[in-house]
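**Student:** Protein chains in written order, with this note's numbering: chain A, 1 to 310; chain B, 1001 to 1320; chain C, 2001 to 2341.
Source of the hints: derived by calculation from the structure; they are not laboratory data. Accuracy of the hints is not assured; some may be wrong.
Keeping only pairs whose Cα atoms sit at most 30 angstroms apart, straight-line, the calculated DSS-like set for lysine-lysine is [what the hints assert, rightly or not]:
hint : chain 1 : residue 1 : chain 2 : residue 2
1    : A       : Lys296    : A       : Lys275
2    : C       : Lys2308   : B       : Lys1214
3    : A       : Lys125    : A       : Lys172
4    : C       : Lys2006   : B       : Lys1214
5    : C       : Lys2088   : B       : Lys1214
Letter by letter, the chains look like this.
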Amino acid sequence: MALLKVDDLKIHFPIRGGILNRKIDDVRAVDGVSFEVKQGETYGLVGESGSGKTTTGKAIMGLNNITSGDIYFEGTHLNAKKGKKVDVRRDVQMIFQDPYSSLNPRKRVLDIIAEPFRNYEKMTKKEEMFKVQELLEKVGLSSDSVYKYPHEFSGGQRQRIGVARAIALKPKLIIADEPVSALDVSVQAQVLNFLQDIQKDLNLTILFIAHDLGVIKHMCNRIGIMYRGRFVEEGLRDDIFNDPQHIYTKRLVAAIPDVDPRRREEHQSFRAQVKEEYEQSFNDYFDENGLAHSLKPVTDTHKVALPERG
Amino acid sequence: MWKFIVRRLIITMPQIVVLSLFVFILASLMPGDALSGQIDPNISRDAIDEMRERLGMNDPWYIQYKDWVVGAVQGDFGDSFRFKMPVTDLIWGRIINTFWLSLVSVIFIYAIGLPLGIISGRYNDRLIDQVITGYTYLGFATPLFIFALVTLWVFGFHFGWFPTGGSVAPGLEPGSMEYILSKLHHLLLPGLSIALIGVVGTVQYLRSEIIDTKQKDFILLARAKGAPESRVYNRHIFRNSVLPIAAFFGYEITMLISGSVFVERIYSYPGMGNLFIESILLRDYSVVTALVLLFGLAAIIGALLSDIILSIVDPRIRIK
Amino acid sequence: MIVLSKTLLEIKNLTTSFRIGEEYYAAVDDVSLELKENEVLAIVGESGSGKSATAFSIMGLHNRAKIEGEITFKGRDIANLPPSKINKIRGKEMSMIFQDPLTALNPLMEIGRQIGEVLLLHNSEMSKAKRREYSIELLDRVGIPRPDRVVDQFPHELSGGMRQRVVIAIAIANKPELLIADEPTTALDVTIQAQILDLIRELKDDLNSGVILITHDLGVVAEMADRVAVMYAGQIVELADVESLFVNPQHPYTKSLLSSVPATEYAQDRLHVIQGIVPSLQNLPREGCRFRSRIPWMDESVHEEDPKLHEISPGHHVRCTCYQHFYFPEESKEEQTNGVT
């Protein structure tokens, strides 16, 4: 059974207008997204700005109102309208993009990391301190930093504080929303390695949301590509990077800069070729509204949004 | 933009209804009624009751409210118990006086506030800025009524440069040059007092707005275009910093009117604020009720003005 | 390079210092560089390396910095020029593209007026109508659809990629000979990045301009640069043509950077992590090899006392002698005990 199952998720934001400020239209931020994340894997959600990847992540966290569709965590229906609200927030935690603004500058590290268990567990001050120091050591920060404030740390260290807070309650799923895009290359490497370590240690499942395909390729077993609120392709890492089927995926993959300057010309002409193909075959791959079709399996692991044939 | 303004106007309606209800309830709770002090004590109780019945005072509250609103819209707030004249006539003259005082104060506030704020923001942390910031701290710490008392004593009594009361010297022909000059003379000292204290918020706001704008990337781009400093400041920094101030204009009016209560009292200036305090002291309830309604309306219209100005000057709201 | 083209910009011993408290600290320390016409020179480094400070020094955009050394642009020293003189050059002979297109444009000014401003500043005779007409032409040139409409729009009505095109239109309005692009694509999506880089390359060829590309993205460098300067802690640590740098990187910092980029042929399953952190401006080691503390497993004796740039092959310069002995700690079993933090 999948740890997380998202079924036909739709999140529409109303556009208001007119004199009475009534709803006149919708922004379909997420428009029918279905996917499953298996226990222990790192699932990558990729897309450009406006693709709905962050909105999807927030919806799983319960931070967005869901228009329709269902989200299941370990088989429990998360957004059931009737009956009791299921609180899985202890089991699902989020790491945010910006290590500079996601930590409250007026709070000490102790208070930041202890916040989750102050909400969920009754602990004495002593136990709490012990727990926080243990977590700090786990994320590779010295345990005497409990009384420091966020500004006393570097970007990479702050992101680790964010991770320490996220793993404080031993969650099963971590939603990492662009966790490294505000960081320098070498710090990014540090945080990525560290996420892999922590995943192994705690047997975590990660939903990794990013726009950087290099990072996604490095981190994820399976990947879903989003475009304007829908999936255009989903598959194993090799499916996506070695055998992209949808023209949008091809274009994204071709846009990744190549670090070998000797292949520069070759890469550029390939990219121009893909761009041309994209423009020419746009109507073959997208419907009349410029949106993706529904996913159809091409192999056991690989699904592509192609129009109905015949 | 038009949609925004119309929508904003529509929101104003319920605000006014709530205000009028509030004032109506306030008036009903006050002791006495329209007959208090009006009638001969020798008239019999029955006759009074009959008069009450005729005046609708035994009607249910919503009928009374309706009658009151209809009266208010037509400018009928009843008679002043003290002056024995219609409240409307009494207030009208005072509104005009308060209007002039507020206008002079606003002019002073912008004449003082804009240059001080601009200088302070442009040369932040230099000596000149420290002096100006010091002044704003003093201004925040000084209550207006104390400052007004001090200026009245120093410039009114001690030096005798300004009149110490009234709105115009007695015996002048209204409309004549002397009359106008005398009016201005009476306005200067209270106007300046209000402005010198009231301006500090504007100065600090403008200063921080300018310092903020100075760090923006588009200022860097303006410099990279080869724009000289004067142009960078005039075209990019000041323009972008002053716009939020323009939106403050409406709130400024509200603030001035409430501020006028003390200042008019201290300078015995015959405006609405002074009348308000006198009426409270003499329990002239019909006047108090009318003034509370007017002050409330001024606040609502001030906020409306601010929002409309902002929608006109800021393209991010204008284009929608 | 067989084609001999003219030198456009020559920087000699540039040192840019900022005052913190009572003392000046050099953010750019003794940097010497050269840029030819129609050449793309990339300056690579992480935050705090001094790459942006170098660009700002050339443009004269630092407010309160002490600038020493020579910046010779078209045969004339422009370091420390008075504002009235540098303003004649900025926006005309050299111009700049900024990182964040969302904040680089004045939110209260129409696009047309923002382009018109740079035209007016360097040609006061150009009429309003002419400026508008030329602005539309420029918008069209940078690939903005329906330029006659966009010219009257405000920045918030455009997407990030479109706004960056407007910033580029402003930069090329007066056909500059030197174009400085400071992280021009960092804030953009990958497909937009590819388009913007193509545009910059095209415009450079059209105008025969020299381009200084400031970036932290090695992929962008490999795609765009002719020559590369790698900066660390205010100094150039390696300078080479793009092929030598990527095929035959020498300095430990260059090698470390390359192997920390995920999903490239330099990267392992486990990314390389440079030990320690980038020192702050006040704590920069001013003596000896500045990278020494980041490679603590290396023997002290491999460093030079006063590290110089060594030309190891024509045009390929490397600072300090430590590069000759450098190895990654992972490569040697007994070194692995050096706890990676």
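**Student:** Compare the structure with each hint and give your call.
**Tutor:** Tested hints:
1. A:Lys296 / A:Lys275: holds (24 angstroms)
2. C:Lys2308 / B:Lys1214: violated (39 angstroms)
3. A:Lys125 / A:Lys172: holds (26 angstroms)
4. C:Lys2006 / B:Lys1214: Roughly 38 angstroms between the alpha carbons, so the hint for C:Lys2006 and B:Lys1214 is violated.
5. C:Lys2088 / B:Lys1214: Holds, at roughly 22 angstroms.
In summary, the numbered hints that this structure violates are 2, 4.
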